[in-house]
Amino acid sequence: MAGTVPAPQPPPGPPPRPLFWPWRPNPLRRRTDTARAWLGLGVLLAVLAVAPLAGALVGDAAHRHYQDVARHQQQTRHLADATLLHDAPRHPEPGSDEEKKTRYPVEVRVVTREGRTRTTRAEVAPGLTADSVVSIWIDSDGEETDAPLTGEEVRSRAAGWALLTAIGVALAGAAVHAVTGFVLHRRNLARWAAAWAETAPRWTTPM
Numbered sequence: 001m002a003g004t005v006p007a008p009q010p011p012p013g014p015p016p017r018p019l020f021w022p023w024r025p026n027p028l029r030r031r032t033d034t035a036r037a038w039l040g041l042g043v044l045l046a047v048l049a050v051a052p053l054a055g056a057l058v059g060d061a062a063h064r065h066y067q068d069v070a071r072h073q074q075q076t077r078h079l080a081d082a083t084l085l086h087d088a089p090r091h092p093e094p095g096s097d098e099e100k101k102t103r104y105p106v107e108v109r110v111v112t113r114e115g116r117t118r119t120t121r122a123e124v125a126p127g128l129t130a131d132s133v134v135s136i137w138i139d140s141d142g143e144e145t146d147a148p149l150t151g152e153e154v155r156s157r158a159a160g161w162a163l164l165t166a167i168g169v170a171l172a173g174a175a176v177h178a179v180t181g182f183v184l185h186r187r188n189l190a191r192w193a194a195a196w197a198e199t200a201p202r203w204t205t206p207m
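Those letters in the sequence shown? Residues 1 to 207, per the UniProt record's numbering, in order.
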């Protein structure tokens with residue numbers, strides 16, 4: 001239709017860009033290109049500076065926390081002899097590797113640190129008969145529980161939190177860069193559309 005301004009078409013994909021191109025003199029370089037480049041550099045430097053520091057702080061706090069947890073567990077848990085009150089179920093395939101890993105809950109009798117005898121349930125190997133004795137960890141109430149955290153487990157958990165924190169900082173930096181890049185790209189498209197709306201009528205010949 002005569003006089004109709006055709007829709008703006010984004011320019012074709014850019015050719016391969018040389019290193020440090022946003023800072024090199026170029027008549028086609030836009031201010032948003034330079035802004036995005038500086039932003040990317042700033043985010044990179046911020047991540048490199050913040051990630052190790054945040055990881056170290058969180059890792060140290062986690063290490064102290066799990067040390068406290070381990071000390072509390074050592075004070076409230078102890079290894080006790082448990083006597084089976086019933087036969088444990090037998091594994092359907094005796095001698096298999098699965099039998100070595102399988103555990104069945106059975107009723108056992110234990111003596112707490114205070115000298116009280118009580119009945120609880122414990123996970124034991126298959127095939128054990130009544131009156132068999134196994135060693136289990138129990139809490140102050142005489143219930144079966146996990147062994148206290150070891151020093152290696154404390155360090156491993158603290159290192160895990162430190163690593164997760166560093167990764168979180170890196171992901172946050174990447175998200176900031178991506179969102180800002182998207183906003184700048186939309187601004188470029190808006191400016192391109194505005195420039196095309198002004199220029200297109202000069203290229204359109206009335207019929």
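What the hints contain is simulated information worked out from the structure, not anything from laboratory work. Backbone N, C-alpha and C fix where the C-beta goes; we use that ideal spot for every residue, glycine too. Misleading hints may appear alongside valid ones.
[Said to hold, decoys possible] Straight-line C-alpha distance at most 20 Å; calculated EDC-like pairs for lysine to aspartate or glutamate:
1. Lys101 with Glu144
2. Lys101 with Glu114
3. Lys101 with Asp68
4. Lys101 with Asp139
[As the list claims (entries may be wrong)] Derived DEER-like restraints, expressed as beta-carbon distance ranges:
5. Tyr104 with Ile167: 35 to 41 Å
6. Leu44 with His78: 40 to 46 Å
7. Glu152 with Ala35: 31 to 37 Å
8. Pro89 with Leu53: 52 to 58 Å
Hints violated by the structure (numbers, ascending): Hints 2, 3, 4, 6, 7 contradicted; others consistent.
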